[in-house]
Each structure stands twice: as C-alpha cells, then as structure tokens.
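Chains as they are written, first to last, in the numbering used here: chain D, 8 to 268; chain R, 8 to 268.
Worth flagging that the hints you see were computed from the coordinates, not collected in a lab. Computed from a predicted model, the values in this text were never measured in an experiment. Fair warning: there could be bad hints in the mix.
It does not matter which identical chain is meant; a pair holds if it fits inside one copy or across any two.
With a straight-line Cα cutoff of 30 Å, these simulated DSS-like cross-link-like pairs (lysine-lysine) come out [claimed, not checked]: (1) K104 - K244; (2) K76 - K49; (3) K212 - K93; (4) K212 - K262; (5) K49 - K104; (6) K212 - K104; (7) K49 - K262.
Protein chains: 2
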Amino acid sequence: MDFSNEAPKKVRELIRKGEIDYQTSGMCNGFAQGNLCILPKKYAFDFLLFCNRNPKPCPLLEVGDVGSKVIKSMADNGDICKDLPKYRIWKNGVLEKEVTDITEYWQDDFVYFLIGCSFSFEGELIESGVPVRHIEEGKNVPMFNTNIRLNPAGVFHGNMVVSMRPIPQELVVKSVNVTATMSRVHGAPIHIGSPEAIGIADVSKPDYGDAVTINDGEVPVFWACGVTPQNAVMQTKPEIAITHAPGHMFITDVKNVNLKY
Amino acid sequence: MDFSNEAPKKVRELIRKGEIDYQTSGMCNGFAQGNLCILPKKYAFDFLLFCNRNPKPCPLLEVGDVGSKVIKSMADNGDICKDLPKYRIWKNGVLEKEVTDITEYWQDDFVYFLIGCSFSFEGELIESGVPVRHIEEGKNVPMFNTNIRLNPAGVFHGNMVVSMRPIPQELVVKSVNVTATMSRVHGAPIHIGSPEAIGIADVSKPDYGDAVTINDGEVPVFWACGVTPQNAVMQTKPEIAITHAPGHMFITDVKNVNLKY
Numbered sequence: 008m009d010f011s012n013e014a015p016k017k018v019r020e021l022i023r024k025g026e027i028d029y030q031t032s033g034m035c036n037g038f039a040q041g042n043l044c045i046l047p048k049k050y051a052f053d054f055l056l057f058c059n060r061n062p063k064p065c066p067l068l069e070v071g072d073v074g075s076k077v078i079k080s081m082a083d084n085g086d087i088c089k090d091l092p093k094y095r096i097w098k099n100g101v102l103e104k105e106v107t108d109i110t111e112y113w114q115d116d117f118v119y120f121l122i123g124c125s126f127s128f129e130g131e132l133i134e135s136g137v138p139v140r141h142i143e144e145g146k147n148v149p150m151f152n153t154n155i156r157l158n159p160a161g162v163f164h165g166n167m168v169v170s171m172r173p174i175p176q177e178l179v180v181k182s183v184n185v186t187a188t189m190s191r192v193h194g195a196p197i198h199i200g201s202p203e204a205i206g207i208a209d210v211s212k213p214d215y216g217d218a219v220t221i222n223d224g225e226v227p228v229f230w231a232c233g234v235t236p237q238n239a240v241m242q243t244k245p246e247i248a249i250t251h252a253p254g255h256m257f258i259t260d261v262k263n264v265n266l267k268y
Numbered sequence: 008m009d010f011s012n013e014a015p016k017k018v019r020e021l022i023r024k025g026e027i028d029y030q031t032s033g034m035c036n037g038f039a040q041g042n043l044c045i046l047p048k049k050y051a052f053d054f055l056l057f058c059n060r061n062p063k064p065c066p067l068l069e070v071g072d073v074g075s076k077v078i079k080s081m082a083d084n085g086d087i088c089k090d091l092p093k094y095r096i097w098k099n100g101v102l103e104k105e106v107t108d109i110t111e112y113w114q115d116d117f118v119y120f121l122i123g124c125s126f127s128f129e130g131e132l133i134e135s136g137v138p139v140r141h142i143e144e145g146k147n148v149p150m151f152n153t154n155i156r157l158n159p160a161g162v163f164h165g166n167m168v169v170s171m172r173p174i175p176q177e178l179v180v181k182s183v184n185v186t187a188t189m190s191r192v193h194g195a196p197i198h199i200g201s202p203e204a205i206g207i208a209d210v211s212k213p214d215y216g217d218a219v220t221i222n223d224g225e226v227p228v229f230w231a232c233g234v235t236p237q238n239a240v241m242q243t244k245p246e247i248a249i250t251h252a253p254g255h256m257f258i259t260d261v262k263n264v265n266l267k268y
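Whole structure, please, built from the sequences with the hints as guidance.
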C-alpha cells in the first residue's frame with residue numbers, strides 16, 4: 008500500500024493496531040518524522056544538554072516530562088509506547104530485542120526524546136527537482152561514521168554519523184538551500200564533496216544502511232544523521248535504553264514547513 | 008567612556024577587575040550578549056527542558072557542565088563568576104543582595120544557563136535604519152508582563168515577558184526581517200500592534216524598565232524577553248538562584264551574524 012499522501016493520524020492508528028510494522032520512509036509526505044530515544048531520568052539532563060550542544064545531529068522535536076508517554080506538541084495524543092512500528096530494547100549498550108509495543112517495558116522514571124529525521128526533508132528535495140537516489144533505488148539511505156567530534160556533555164560523547172545523498176553538481180546549491188531552512192530535521196549539509204576530509208575511506212561502503220549508485224557528475228553530499236545520538240547513548244551503556252528500530256520512525260502531525268524558525 | 012566598538016575580551020577584563028560595574032547596553036556592537044541564570048543541579052533538567060519548550064523567550068546560548076564556571080563556546084575562557092558587571096543572589100525567590108563577584112557563593116552542584124538577549128539585535132536594527140527609541144532617549148527598554156502562557160516543564164511555568172520598541176509603520180516589516188534571522192537572541196517579534204491582545208493594559212506603563220515616547224505613525228512591536236526565564240525561576244522559589252542584574256549582561260566573543268542557523 009502507498010501511504011505517501013495519507014494523514015499521519017491515520018497511519019499512526021494502523022501502526023498502533025500492529026497493521027504497519029515496517030519502515031516509514033516515504034509515508035505522509037510533507038510531515039516531519041522523528042527518531043526516538045528513551046532513557047531513565049538520571050541520564051536525562053546530560054542527554055538533553057548533549058542534544059543542545061549538538062543541534063545538527065540531534066535536533067530536538069519534543070522531550071517528555073518524566074514518566075510521560077504522551078506526545079503533545081508534535082502530534083494529537085501520540086502514544087510513545089505504541090505509535091512507532093518497531094522499537095529496540097537495549098540493556099547495558101547491547102541490543103536485547105525488537106518489539107512493536109513497549110508498554111510492558113515502561114518505567115516511571117523514563118524520559119523520551121523525539122529527534123528530527125532527515126526523511127522529513129526528502130519530500131522537499133524531490134519536489135524541488137533534486138533526486139534522492141536511495142528512494143529511486145528502493146534502498147535505505149547510506150550512513151557513515153566520521154571523524155567529526157561531537158561536543159561532549161556529562162557522560163555522553165562520540166563522533167557524528169552522517170547520511171549521504173549523491174547530488175548532480177548543478178543541483179548541489181539547491182540541495183543546500185532547500186534543507187538549510189529546515190534546521191529541526193538536521194538542516195543544511197555538514198559536508199560537500201570530499202568523503203576523506205571527514206574520515207570516510209570508501210563512500211561505496213556505508214557503515215549503516217545501503218550503498219547507492221553515484222553517477223558521473225554527481226557529488227556526495229553529507230547531512231548530520233539521527234543515528235548519531237543513539238550511537239552516543241550506546242557507548243555509555245545505560246542499564247536500559249529504548250530506541251526506534253532504524254527507519255521505523257514516529258510520524259508527527261507537524262508539517263515540515265511549520266518547523267522552520 | 009564609549010565601549011561600543013571595543014573588543015568583548017577587553018571589556019570583560021575591565022568588568023573582571025571591577026572597573027565596569029554598570030549596564031552593558033550599547034557595548035561591543037555586533038557581539039551577542041547573554042542573560043544569566045544559575046541553579047542547583049536538582050533543578051537543571053526541568054529548567055533546560057523549560058528553555059527548550061520556550062525557545063523564543065529562552066534561547067540558550069550555552070549551558071555549563073555541573074559545577075563548571077567556565078564559558079567555553081561563547082567566549083574565550085569566560086568566568087561566569089566574575090565576567091558580568093553585577094549579579095543578583097536570590098534565596099527562596101527573594102532578592103537577597105547584589106554583588107559584582109559570585110565566587111564566594113559558588114556551589115559544586117551549580118549549573119549556569121546563558122540565554123540570548125535582545126540587546127544583541129539592537130545594533131543590527133540601527134544599522135538597518137530602524138530607530139531604537141530607548142537608546143535614543145538614554146533609557147532602559149520598556150518590558151511588560153503578558154497573558155501569553157508558557158509551555159510548563161517540571162516545576163517551571165509562567166507567562167511571557169516582552170520588550171517593546173515603537174517602530175515607524177513603514178519600517179515594521181524591516182524590523183521583523185532583521186530580527187527573524189537571529190533566533191538565538193529572541194528572533195522575530197511575537198506581536199505587532201495591539202498591546203491589549205497580549206494582556207497589556209497601558210503601553211505607557213511598563214512593568215520593568217522605562218517608558219519611552221511613541222510618536223504618531225509608530226506601532227508598538229513586542230519581542231520575547233530574557234526576563235521571562237528569571238520570572239519563572241523566582242516563582243518556583245528555589246533555595247538559591249543567581250542571575251545577572253537587569254541590563255548587566257555577559258558579553259560574548261560571538262558575533263550576532265554567527266548565531267544564525
């Protein structure tokens with residue numbers, strides 16, 4: 008089924024019922040999607056500060072009150088425990104299992120962090136005439152570890168993870184302009200053109216996601232990626248953390264155009 | 008003395024030596040200035056979340072690690088205890104005293120919050136040909152309580168405080184455009200034209216600061232104000248809190264143009 012023009016609330020209902028348990032890429036065009044990270048309260052100040060100090064990879068969409076499961080500002084009555092198609096439960100930094108509902112894992116001291124996802128701006132790129140290769144090829148976006156150090160905060164630190172899209176030379180400036188105004192879903196690229204300058208040895212071998220075709224006359228363009236905060240969290244090995252499964256995002260009721268400052 | 012074109016580091020040295028203990032309005036044109044709020048760690052997550060949920064009145068410039076007195080990203084080796092001309096010590100929400108150095112009051116569990124100040128964009132307004140009345144009249148900016156409810160977070164809640172500048176009708180759009188790009192120092196206005204619509208009964212009687220002349224053909228334009236977070240903090244009556252004294256700001260080494268997203 009094609010959910011590209013479906014309303015977010017309708018899709019969230021299908022997710023909540025368990026009828027959609029797959030990736031959300033391409034769903035509900037024009038609406039922002041979010042990465043999820045849930046941590047116990049004792050890590051919450053450090054992680055909130057970490058996101059504030061690294062707004063390009065960790066742009067906050069909404070942060071819950073301690074113990075709250077309700078998404079208020081980004082969605083009409085969103086349920087953080089049921090409204091994502093797939094979750095990952097991590098214990099001491101190790102993936103324990105994947106589930107489609109986290110109600111039974113919920114703790115009163117949990118704080119959720121909803122972080123902007125670059126899926127949000129891909130619709131805008133396509134509408135502006137900028138091709139998005141992994142969508143054309145039916146793949147996941149290629150993502151890479153880099154040598155770009157993040158600003159540490161408390162127990163959290165690490166390097167930036169980036170996503171890559173090959174852009175025809177004559178459309179590189181347009182790809183910057185289109186995404187620059189959308190800072191809450193990663194905004195403008197963090198690097199254009201030289202993978203090795205940011206510590207990427209081979210642009211055909213992504214660390215996460217799939218490799219995509221780079222044609223002659225195309226430039227690899229790199230955006231900060233929402234995998235970054237998850238990586239930082241896993242490095243600190245908290246007793247428990249819950250995240251979305253890659254590509255299985257929370258679809259908000261907020262249009263990307265309304266996320267602009 | 009005129010410090011309008013002095014380097015921030017030089018002015019901070021004079022402040023640190025105690026040679027400047029007065030207001031910083033008009034100093035170091037082009038460089039961002041910051042409001043200060045210091046709280047014990049137990050309030051830090053709630054307050055950081057409060058600022059994140061209310062970015063117009065509480066735009067964060069820098070937040071310290073727990074116990075850290077050093078301002079790193081916004082200044083070259085800034086000292087939060089000595090580099091503001093005047094501080095206020097609050098106990099249980101009551102002003103206890105004003106001092107020019109808070110070293111002896113410092114606690115290992117303190118967290119500082121540096122919040123953008125609209126002094127920062129006044130230089131840009133003037134340079135763009137938009138008059139700033141309180142500077143012309145040698146007064147403090149007029150500030151008002153409003154009926155605009157803030158998004159609560161943990162123990163913090165309250166209404167927005169705004170600053171007002173009378174702008175000639177033909178320059179109102181320009182005043183929006185000039186400030187809109189500077190979201191980390193309050194950004195675009197939150198209201199134009201009707202004080203009563205935001206709960207202000209008499210625009211000639213500010214709740215803080217000084218009244219200024221509004222000429223025929225001028226429109227009162229309202230910006231979110233950095234007094235807002237201080238008000239919210241005082242309403243919760245923490246055992247201890249330290250803020251800047253009104254108008255006695257931290258002058259950063261960062262140009263306003265570099266604060267744009």
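Hints numbered earlier in the text: which of these fail when held up against the supplied structure? Structure breaks hints 4 and 7.
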